[in-house]
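**Student:** Got chain A; can you put chain B on it based on the hints?
Top line first, the protein sequences correspond to chains A and B.
If you count the first sequence from 1, position 89 lands on 97 in this note's numbering, and the numbers rise without skipping.
If you count the second sequence from 1, position 339 lands on 571 in this note's numbering, and the numbers rise without skipping.
By construction, these hints were calculated from the structure, which means they are not laboratory data.
Even glycine gets a Cβ: it sits at the ideal position worked out from N, Cα and C.
Mixed in with the good hints, there may be bad ones.
Reference listing, derived: stretches of chain B covered by chain A, where coverage requires no fewer than 3 residues with Cβ under 8 Å from a Cβ of chain A [what the hints assert, rightly or not]: (1) 264-274; (2) 391-404; (3) 637-643.
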Amino acid sequence: MMLPMMMVVWRLTPTDGSRLMVQIVFVVAAVMAVVGALGVIGSRNPVHAALFLLQTLFGVALLFLLQEAHFLAAVQFIVYAGAIAILFLFVIMLLGVDKTEDLEVEPIAHQRFLAPVLGVALASMLFSVFLVSSDILGGSPQFDSERTLDSGITDIERLGRVLFSDHAFAVEITAALLTIAVVGAVALTRSNKSKVKMTSDE
Amino acid sequence: MTRFLAQTSPVADSTTSVVTPSIDFLGLLPVLLLTAGAVLLLMFRSLIPPPMNLSSPMKTSSVKRLFSFETAWMFVLAVGGLVTVVVQWFRVQDEGPIAVFGSEFASDGLALFAAAVILISVAAVALLLPRFCEQAQIKKAELYVLLMLSAAGGVVMTGANDLIVMFLGLETLSIALYVMVALNRHGLMSIEAGIKYFVLGSFSSAFFLYGIAMIYSTTGTTRISGINAFFADYIVLRDGVLLTGLALLLVGLCFKVASVPFHAWLPDVYQMAPTPITAFMASAVKVAGFAALMRVIVLALGERAHNWQPAVFVLASATLLLGAILATVQNNIKRLLAYSSISHAGFMLVGVQAASHEGVAAVLFYLAVYAVISLGSFTIVSLLTGPDGDGDSATVASAAGLASRKPLLTAAFVVLLLAQAGIPLTSGFMSKFYVISAAVEARSFWLAVVAIVSAVITAFAYLRIVVSMYFTSDIPATADDGIPSDVDTVKDCHSDIPVAADTGKGDNLERPLTAAHLTTLKLGIPAGKGDPLTGAERLPIGAVVVVSVAVVVTLLVGVLPSPLVSLALDASANLLGSIP
Chain A
9 MMLPMMMVVW
19 RLTPTDGSRL
29 MVQIVFVVAA
39 VMAVVGALGV
49 IGSRNPVHAA
59 LFLLQTLFGV
69 ALLFLLQEAH
79 FLAAVQFIVY
89 AGAIAILFLF
99 VIMLLGVDKT
109 EDLEVEPIAH
119 QRFLAPVLGV
129 ALASMLFSVF
139 LVSSDILGGS
149 PQFDSERTLD
159 SGITDIERLG
169 RVLFSDHAFA
179 VEITAALLTI
189 AVVGAVALTR
199 SNKSKVKMTS
209 DE
Chain B
233 MTRFLAQTSP
243 VADSTTSVVT
253 PSIDFLGLLP
263 VLLLTAGAVL
273 LLMFRSLIPP
283 PMNLSSPMKT
293 SSVKRLFSFE
303 TAWMFVLAVG
313 GLVTVVVQWF
323 RVQDEGPIAV
333 FGSEFASDGL
343 ALFAAAVILI
353 SVAAVALLLP
363 RFCEQAQIKK
373 AELYVLLMLS
383 AAGGVVMTGA
393 NDLIVMFLGL
403 ETLSIALYVM
413 VALNRHGLMS
423 IEAGIKYFVL
433 GSFSSAFFLY
443 GIAMIYSTTG
453 TTRISGINAF
463 FADYIVLRDG
473 VLLTGLALLL
483 VGLCFKVASV
493 PFHAWLPDVY
503 QMAPTPITAF
513 MASAVKVAGF
523 AALMRVIVLA
533 LGERAHNWQP
543 AVFVLASATL
553 LLGAILATVQ
563 NNIKRLLAYS
573 SISHAGFMLV
583 GVQAASHEGV
593 AAVLFYLAVY
603 AVISLGSFTI
613 VSLLTGPDGD
623 GDSATVASAA
633 GLASRKPLLT
643 AAFVVLLLAQ
653 AGIPLTSGFM
663 SKFYVISAAV
673 EARSFWLAVV
683 AIVSAVITAF
693 AYLRIVVSMY
703 FTSDIPATAD
713 DGIPSDVDTV
723 KDCHSDIPVA
733 ADTGKGDNLE
743 RPLTAAHLTT
753 LKLGIPAGKG
763 DPLTGAERLP
773 IGAVVVVSVA
783 VVVTLLVGVL
793 PSPLVSLALD
803 ASANLLGSIP
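Next up, chain A with everything else stripped away, as it sits in the complex (with noise of 0.2 Å):
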């Protein structure tokens, strides 16, 4: 995991002054993962397991700030550190944190076997996938590769642009998406008096 993270690094990172301290943060941030993804799979307490992996989103979420995709770095701590991860621990808490899984139970057959070995294929695919992407990238006509490749503007920033001009109906419109969320679980939830009855039936 390691490899493939410093050779991105290597490739891209400027050759102006600032390329020792991006490297002394890539290795930070890349220590935190590694070793919260390790937590993730050693630890015996769930909660210390969640933790360990909020660790390794954080360091992920790092690394993409380093390579300047600022949007996806956002993404990565609103959605999965901040969200998913927190989901996680609710789950965790409320299911119990005291109860101890026996480990010597497979859910599912064969399990322990296939782990490691699906384990490693993912990790060679996405190897492979990295040794080859600089010939995938950039052969349709469509995409304009000045426009896409400009660093003069952030990607937060050229996305904010496309949401507010080109696709500025779509997000109007997850405004009454959201209202429909709410408005569905309040009504769904909310028991009135038939629904009262009924569960008290039960």
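**Tutor:** Coordinates of chain B only, in the frame set by chain A:
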């Protein structure tokens, strides 16, 4: 056409100003009216809750039942939206397609025709809802708010010139529906249907989204007109990604219109949903789904028709035959109509498969006709059987002798059933005729044959109901003492649903149903034969209006189809993008 191709605004050169899209507010007004109306209603009802007289429904007069505030509000907004659609229609007839919101949302013939049908269906459902809310004793406002937002999503879908906007419209439509389906009175079954719909629906949305990504990676745009123009300019040689995207989009949309391999949710959902919502789904949702389907595969991907036509051929034949055959073996009338709605979707797919102007016009005609018929039919089902379609006359067998008890209602039902079967002099015949002739013109002869065979098979299913209502003697004596036999009937007709089949939970079902039945008796809705408590029938005015309008329109269009046909042809003549 060029204004629809303006995909990207100048981004790199300008660092200060953002080019905001121009808005044509007249074209946007239907969406604005529905969403703003829904939000205002939500605010109003949160501040001023409705007077609680649910405990004594007898005291509310029938006039008040029709004119609840929410109903009037929704009806007026729907009719207002309809007026703006008509005005916009004449503009489109003069100027061609009009960009409404940048190039993301547009008014063309297809969009306006479909939006008009959706708004009509909203107005009709507005008239049906007060009675349902009263019977089911649920708080009203949420149902109305969700319905209006859902309809707004449908209107967005029909006019979307961008796959992302179409997806958002689809989700707005669907998520509101998932909730509304689960809002029925009998908690368990309705919630089960809601969850089933939700899980499968989310799954299909993922398919749709993935398809958008694939199409984007081939064409470099998500605009429908842009995709259309791309295929006019370029020939894609290595088209694996394109075909995958096409297939995924087809799966996502076919789920929404319930074409056969993706139909499994429909019978349960239609049966368990509140009947007004079922009527809404059979009319407005079907219209939105088919409008989106035609826009995506006939307009955006029309150049690749040779790729998708065989797939749609198979889908259409399977939908026609399976829907028809399964409709014949149903006992519950609401469920039978649900299966027949699958078969109708098959007929519409026949028109889509033609991939021509005639095909689009035929599908639009079919959609309008079927919307009216299904609104009428499901209204009658709700009148016959109470709010959930599982009351007294819920099954084909228990509808026996209905003609002698409720002659007018039965006659109206017969007209609508014959129209669904496609008997001449009804609108159903004309709609089937145009769809099949479009298929013949596109030289899809076998599909036309399958359609005709399927029409014959479904006719048997409808005629079973007619025979039961008219030519079978009254129900045996057990019906007189009402409640116990009804509960048995309900159990029978739900026996294919796992929850009800489970004997442990059967007891749970019994009590709410019995209570519901008592409510039905109290409300004076005719139950069993000659209800001694209430005497004469007291049909709610809203339902009567909807049924009579539906019957009149069905007969009128059956005798004089040309005005509606020319409207549909005008709609298909003013399309964004071109049909090759």
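**Student:** Could you run down the list of hints and mark each one as holding or not?
**Tutor:** Status of the hints after comparison with the structure:
no.: 1; hint: 264-274; in the structure: holds (count 4)
no.: 2; hint: 391-404; in the structure: holds (count 7)
no.: 3; hint: 637-643; in the structure: violated (count 0)
In this structure, only the earlier hint numbered 3 is contradicted, and the remaining ones agree with it.
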